[in-house]
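When you get a sec, could you build the whole thing from the sequences and use the hints?
Residue numbers (UniProt numbering), protein chains in the order written: chain A, 1 to 337; chain B, 1 to 337.
Rather than coming from a laboratory, the hints here were simulated on the basis of the structure. Every residue, glycine too, gets a C-beta built ideally from N, C-alpha and C. Take the hints with a grain of salt, since some may be wrong.
[Stated by the list, open to error] To give an idea of the interface, some chain A residues facing chain B are shown, with a C-beta separation under 8 Å as derived from the structure:
no., residue
1, P164
2, S165
3, V275
4, A317
[As the list claims (entries may be wrong)] Pairs of lysine-lysine residues, derived as DSS-like cross-links and limited to a Cα-Cα distance of at most 25 Å, are as follows:
no., chain 1, residue 1, chain 2, residue 2
5, B, K332, A, K284
6, B, K333, B, K284
7, A, K284, A, K89
8, B, K237, A, K284
9, A, K122, A, K237
10, A, K332, B, K284
11, A, K89, A, K333
12, A, K284, B, K305
13, A, K333, B, K284
14, B, K333, A, K305
15, A, K305, A, K237
16, A, K122, A, K305
17, A, K237, B, K305
18, A, K202, A, K172
19, B, K237, A, K237
There are 2 protein chains.
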Amino acid sequence: MTTPPRVLVFGTGSVGTVYAWILSRAVGEGDLYTVCRSNYAVASTAGFTINSTIFGDGLKFKPQVVRTVDEAVSLSGGKPFDYVVVTAKAIQTTPSMPEQLRPAISPHTTIAVIQNGIAVEKPYQALYPDNPLLSCVVYLPATQIAPAVVTHREIALLHIGTYPSNASPEHKARAESFSRLLNAGGGRTQVHEDVQTERWSKLAVNASWNPVCALSRSRDAQFLASSPPEYALNLIKSLMTEIASVAQAWGYDNINAKTVEFQIDRAKARELPGVEPSMLADAKVGARMEVEAIVGNAVRLAEEKGVRTPLLRGIYALIKALDATFQRDSEKKVSAQ
Amino acid sequence: MTTPPRVLVFGTGSVGTVYAWILSRAVGEGDLYTVCRSNYAVASTAGFTINSTIFGDGLKFKPQVVRTVDEAVSLSGGKPFDYVVVTAKAIQTTPSMPEQLRPAISPHTTIAVIQNGIAVEKPYQALYPDNPLLSCVVYLPATQIAPAVVTHREIALLHIGTYPSNASPEHKARAESFSRLLNAGGGRTQVHEDVQTERWSKLAVNASWNPVCALSRSRDAQFLASSPPEYALNLIKSLMTEIASVAQAWGYDNINAKTVEFQIDRAKARELPGVEPSMLADAKVGARMEVEAIVGNAVRLAEEKGVRTPLLRGIYALIKALDATFQRDSEKKVSAQ
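As structure tokens, then:
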């Protein structure tokens, strides 16, 4: 019998909590460490609770809950982690997230990045060029409704691949191991030779709907209902088309007009009030949004290949300014305390 | 000595209050009627107060304050109004604003529309095709800081012209009379053969800055500072350029690249935090915004001439959805009361 791997989950919002639960079923609560921030008090005393339409209601678990990566390393007796799973929101932090992980990373640690957006792996690759780096694209409709309490429905699918896609066989094997680990915990996974196809596919949806819904404070069906199709629907479609053209310039030919048509049909079929994308949820409470990961990086990847994305660039300027407003407001609140 | 004209001011926000004061100086408080809504209680008892950097501090006046047009007609003994001055925010109402004015309009009443946007005169023309109709473009930095209390600074300039610009000499004479009336009250006016040039010129600024600032919750300088010029500044410039191309398609050739350059230079020179456009002020309190007057009509005028305005159309969809959100929220509040 081999010893179970030791896993650190960095960030326990809704996605982090559900994957922590899955991992806790695979490795046990003793070998699973979770870095918590706003939900630390509840998680460290009462543990986490998940109500899921597919895993079950009232699921409770209590891993090793810590406040920082340093604390995780110390609590684990200095032993290295086999997996560091990044499920924190992809926003700029100081120090950067890759930097914060440093105490937990040994030469053998596999880093799995479960974050939205495109090119989000680059900062991890830059800091840990020799570590196995896994890029993961998640489909998991989940919401943290109270500290350490998460509701989840419908699907829990993780697309996994190495970053870069042409990594060594040894790193490729880690993608398979991580997949097996999650499957053992009840997760559903797909390992890809090149997982970036999945990133672009999700990005076409996220980089259009997320900023549009956050800026207009509307759910997706509400946005579509707010003006005739030649305006509302056309804006979404045009944004998706621009993103598809960027994907194609980077060699992902199957992100095309058909992808856009499929996503538009899905949106049109949705009943009022529709779905609340994560950026809208953030915007409603004035929280920082994943602007660079989801929109800014797409704009810059377009520029690198000389692809024209006038609407995406306009949306980027708007959402970046809204995010800056949230930052100003939160700094005001802090200084007023 | 001729009897002074009898004037009705419809809408007494900041612009309505300052023009009511100017008119009260020209015709006297007895012949000036103001339709008030949210500030009725204060205005009808204590009158209005204006603090102006050019007219003076602590200016007080008390016209005939009424709640509705019917009340104005009744209070004035059923006598017709010589001027009906529309200074209400240009938003959709039920019944429409032109319809609400009906009791005050005789065949000789001059209707002066002091509202933002483009093509805002059309509904008045449709309902009162034979009345003298004046289109006015106002430059008046003023804010209602409390009910019936307005601060004002810097400039009070009104551009006046008939609508349409090729109206009869009799109607043209009314533009001159209205101008003389305001000048007698201390106002500054300019009468134009075709005042639409002034409308397009102001629209180039308003249809870009207003929705961008409302969507991003930023003042103009804050927006420009939130991302590099190739994004933030470029969005404003591209929107202005689209509007200029619409103006040109309608024969207003002096709204061109030079206009855009001039306005961009003005914006770049502005220091942080910058100016708060009216739509941002509305958005901050969740009030209805002048979406159709300022953006929607520009988009439709572009379509009529086959001018491509992809960014303006995108911005229109976004700001229309935000406005719909405000409407939903206010209906929720009403039903919760």
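The hints, checked one at a time:
1. P164: violated (28 Å)
2. S165: violated (30 Å)
3. V275: Cβ of V275/A sits 15 Å from chain B, so the hint is violated.
4. A317: OK, holds: A317/A within 8 Å of chain B, min 4 Å.
5. K332/B x K284/A: holds (16 Å)
6. K333/B x K284/B: With a Cα-Cα distance of about 16 Å, the restraint between K333/B and K284/B holds, given a limit of 25 Å.
7. K284/A x K89/A: Given pair K284/A, K89/A holds - Cα atoms ~16 Å apart, limit 25 Å.
8. K237/B x K284/A: Given that 25 Å is the threshold and the Cα spacing comes to 29 Å, the pair is violated.
9. K122/A x K237/A: Violated, because 28 Å separates the two Cα atoms, which is more than 25 Å.
10. K332/A x K284/B: With Cα atoms ~16 Å apart, K332/A and K284/B stay inside 25 Å; holds.
11. K89/A x K333/A: holds (22 Å)
12. K284/A x K305/B: Since the Cα atoms of K284/A and K305/B sit roughly 39 Å apart, the hinted pair is violated (cutoff 25 Å).
13. K333/A x K284/B: holds (17 Å)
14. K333/B x K305/A: violated (49 Å)
15. K305/A x K237/A: holds (21 Å)
16. K122/A x K305/A: Measuring from Cα to Cα gives roughly 18 Å; hence the hint holds.
17. K237/A x K305/B: holds (24 Å)
18. K202/A x K172/A: holds (22 Å)
19. K237/B x K237/A: holds (24 Å)
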